[in-house]
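With the hints as constraints, model all of the structure from the sequences given.
Per our numbering, the sequence shown starts with residue 3, numbered consecutively.
Be aware that a few hints might be false.
To be verified - Cut-off 20 Å, straight-line C-alpha distance, at most; resulting in silico cross-link-like pairs (SDA-like, lysine to any residue):
#  : residue 1 : residue 2
1  : LYS6      : SER32
2  : LYS69     : ALA79
3  : LYS6      : LEU40
4  : LYS69     : GLU82
5  : LYS38     : GLU48
6  : LYS6      : ILE42
7  : LYS6      : LEU28
8  : LYS69     : LEU28
9  : LYS6      : LEU80
10 : LYS6      : VAL29
11 : LYS69     : PHE55
12 : LYS6      : ALA30
Stated by the list, open to error - Have a look at the derived ranges for each label pair, beta carbon to beta carbon:
#  : residue 1 : residue 2 : range
13 : GLU35     : ALA63     : 24 to 34 Å
14 : ILE31     : PHE55     : 39 to 49 Å
15 : LYS50     : LEU80     : 23 to 33 Å
16 : ALA67     : GLU35     : 38 to 48 Å
By construction, these hints were calculated from the structure, which means they are not laboratory data. Built from N, CA and C at the ideal position, the CB exists for glycine as well.
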Amino acid sequence: KIIKDPGWLAVYGREAASEQQGEESLVAISPNEPAKVLDIEVTQNETKPPARFTEATLLSAMEGAGKLVEDEELREALRE
Numbered sequence: 003k004i005i006k007d008p009g010w011l012a013v014y015g016r017e018a019a020s021e022q023q024g025e026e027s028l029v030a031i032s033p034n035e036p037a038k039v040l041d042i043e044v045t046q047n048e049t050k051p052p053a054r055f056t057e058a059t060l061l062s063a064m065e066g067a068g069k070l071v072e073d074e075e076l077r078e079a080l081r082e
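See below:
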């Protein structure tokens, strides 16, 4: 895996992550770099729509509508 946003790893370091997961990180590759494919499996699946809102989930979604918005003006507009 290639880490694009280190998040908590910036504080605790890679050692903490490898101790928890027991995994090794993959080496980053550049675009158009050839790779050897060992195995491939094709599956057919269907996506499912998200569950419908209930009164409680709709209220929760409306209360937290601005939490994921990074623009401060838009966040304030959603709070109103």
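These are the hints, each one checked on the structure:
1. Taking the CA atoms of LYS6 and SER32, the gap is near 14 Å; set against the 20 Å cutoff, the hint holds.
2. A distance of roughly 12 Å separates the Cα atoms of LYS69 and ALA79; the hinted pair therefore holds under the 20 Å criterion.
3. A distance of roughly 26 Å separates the Cα atoms of LYS6 and LEU40; the hinted pair therefore is violated under the 20 Å criterion.
4. Proximity of LYS69 to GLU82 is assessed by CA-CA distance (about 13 Å); at most 20 Å being required, the pair is judged to hold.
5. Annotation: proposed proximity of LYS38 to GLU48 is violated, straight-line Cα distance about 29 Å (limit 20 Å).
6. Note on LYS6 and ILE42: the hinted pairing is violated, with a Cα-Cα distance of about 26 Å set against a maximum of 20 Å.
7. Straight-line distance between C-alpha atoms of LYS6 and LEU28 comes to about 13 Å, which keeps the hinted pair within the 20 Å bound.
8. Distance check on the hinted pair: LYS69 and LEU28 sit about 33 Å apart at the alpha-carbon level, beyond 20 Å; violated.
9. As the CA atoms of LYS6 and LEU80 are separated by approximately 30 Å, the hinted pair breaks the 20 Å bound.
10. Distance check on the hinted pair: LYS6 and VAL29 sit about 13 Å apart at the alpha-carbon level, within 20 Å; holds.
11. Between LYS69 and PHE55 the CA atoms are separated by roughly 19 Å; this keeps the pair inside 20 Å, and the hint holds.
12. Restraint check for LYS6 and ALA30: satisfied, since their Cα atoms lie roughly 11 Å apart, inside the 20 Å limit.
13. Distance hint check: the CB atoms of GLU35 and ALA63 are about 42 Å apart, inconsistent with the given range 24 to 34 Å.
14. For the pair ILE31 and PHE55, the beta carbons lie near 42 Å from each other, so the given range of 39 to 49 Å is met.
15. Distance hint for LYS50 and LEU80: a CB-CB separation of about 28 Å, consistent with the stated range 23 to 33 Å.
16. The given range of 38 to 48 Å is respected by ALA67 and GLU35, whose C-beta atoms sit roughly 42 Å from each other.
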